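Protein chains: 2
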Amino acid sequence: MANKEFMRRAIELAARNMRDYEGGPFGALIVRDGRVLAEGHNRVTSCNDPTAHAEVVAIREACARLETFALEGASIYTSCEPCPMCLAAIYWARIERIYFANTRADVAAIGFDDDFLYREIGLPLRERSIPAQRLLGDEALAVFREWLELPGRTLY
Amino acid sequence: MANKEFMRRAIELAARNMRDYEGGPFGALIVRDGRVLAEGHNRVTSCNDPTAHAEVVAIREACARLETFALEGASIYTSCEPCPMCLAAIYWARIERIYFANTRADVAAIGFDDDFLYREIGLPLRERSIPAQRLLGDEALAVFREWLELPGRTLY
Chain A
1 MANKEFMRRA IELAARNMRD YEGGPFGALI VRDGRVLAEG HNRVTSCNDP TAHAEVVAIR
61 EACARLETFA LEGASIYTSC EPCPMCLAAI YWARIERIYF ANTRADVAAI GFDDDFLYRE
121 IGLPLRERSI PAQRLLGDEA LAVFREWLEL PGRTLY
Chain B
1 MANKEFMRRA IELAARNMRD YEGGPFGALI VRDGRVLAEG HNRVTSCNDP TAHAEVVAIR
61 EACARLETFA LEGASIYTSC EPCPMCLAAI YWARIERIYF ANTRADVAAI GFDDDFLYRE
121 IGLPLRERSI PAQRLLGDEA LAVFREWLEL PGRTLY
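Protein chains in written order, with my numbering: chain A, 1 to 156; chain B, 1 to 156.
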C-alpha cells in the first residue's frame, strides 16, 4: 500500500472508534516493509486506561506480536500528531518515521490537552502546573550505581 | 505512611525489579488519602513493552482497580523523575502531585534517553531526529468535526 492508503486506514480506525464509543477520534498503524504490524485505536474511556492512546495501543500490540521491545525500521501512521506521551513512546520504541494527519492545533481546537502538554513539558519543574518535589535522592542513586554493575543486564 | 516511607517503597521496588531482571531500575507508587492505590515497576524488557515504565504501569493498574480513567487527588511517588512519556501520562491521568528521587541528570548518567527526549520534544517537528510528515489533513479533520457533534460522547 502507498503512504496515503495506510493513513486512510488510520483515519478510518479513528472514525469507527469514535462512532463505536470506544474512546476519542484517534487511530494508528505500525508499518514495516510495506506490511501492517499492528493497528490501534484510542481506548481511554472504554478500557479505563489514560495511557491507551491509539499510538501506544499500536506500539504495545506490535511489540507483543513480534516479541520485542524495539521496532527499528518501522513507521507509524497516526490520524493525529502524537501527544508528548505518544511521541516519547515512539522514541522509546525506536520507530523511525512518523506520518500524521490532524495537527496539534487541530486537536487543541476540539478540546484535548496535547498542545497544553507540549508547553508544560518544556517548562522547568517549578513552573509546571503539577507540583513536583524531590525526596531521598541519595538512597535512589545507590540503586542506579548498582545497575551499572549488574552482570548481564538488558539495555533498552 | 509519611512521604519518605512511600518513596522508600518506590526505591525498594526499583532495586528488586533490577535484581530480578524484570527491567530497568525504576519503581513507582500511586497514593491517595494516605493509601497506596497501585505499585508499578519497569517491565520493558521482560514484557516486551517499551511503554511499560514504572509510572505507566502504576497508573494503568490504579485505573484498572478503581475502574476509572482519572485519578484526581492522587500523588505519584517515583524512584526517578518521570520521562516525557510518563510525565504526560501523569497529566492525562489527572494526578495532582509528583514526588521523585533520582533526577533527569542522574538517569542520563546511567545511559537512558530521558534528557535527550525532553530536548527532542521541545524542538519544532522539522528539527527532531525522527522525521515527521503530514498526510490527508483534510480527511482527518472531518472526523474531528464529527466528534464535536457526537451525542453523549465521554470527554477525558
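Don't read these hints as lab results, they were simulated from the structure. Watch out, some of these pointers could steer you wrong.
Said to hold, decoys possible - Simulated DEER-style distance windows between Cβ atoms:
1) 94(B) <-> 127(A): 14 to 22 Å
2) 12(A) <-> 126(B): 25 to 33 Å
3) 33(B) <-> 133(A): 15 to 23 Å
4) 72(B) <-> 123(A): 41 to 49 Å
5) 73(B) <-> 21(A): 23 to 31 Å
As the list claims (entries may be wrong) - Facing chain A, from chain B, some residues (calculated, C-beta under 8 Å):
6) 49
7) 59
8) 61
9) 68
10) 72
11) 80
12) 91
13) 113
14) 120
15) 135
16) 144
Since this is a predicted model, take the numbers as computed values, not measurements. The beta carbon of each residue, even a glycine, is placed where N, CA and C say it ideally should be.
Quick rundown of the hints versus the structure:
1. 94(B) <-> 127(A): 14 to 22 Å: holds (19 Å)
2. 12(A) <-> 126(B): 25 to 33 Å: Since residue 12(A) and residue 126(B) have Cβ atoms about 28 Å apart, the given range 25 to 33 Å holds.
3. 33(B) <-> 133(A): 15 to 23 Å: holds (18 Å)
4. 72(B) <-> 123(A): 41 to 49 Å: violated (22 Å)
5. 73(B) <-> 21(A): 23 to 31 Å: Distance hint for residue 73(B), residue 21(A) holds at roughly 27 Å.
6. 49: holds (6 Å)
7. 59: holds (6 Å)
8. 61: Violated, because the Cβ-Cβ distance from residue 61(B) to chain A comes to roughly 10 Å (cut-off 8 Å).
9. 68: The hint holds - residue 68(B) has a Cβ within 8 Å of chain A, the shortest such distance being about 6 Å.
10. 72: For residue 72(B), the interface hint is violated, since the closest Cβ of chain A sits about 12 Å away, which is over 8 Å.
11. 80: OK, holds: residue 80(B) within 8 Å of chain A, min 7 Å.
12. 91: holds (6 Å)
13. 113: holds (7 Å)
14. 120: The hint holds - residue 120(B) has a Cβ within 8 Å of chain A, the shortest such distance being about 7 Å.
15. 135: holds (4 Å)
16. 144: Holds: closest Cβ of chain A sits about 5 Å from residue 144(B), inside 8 Å.
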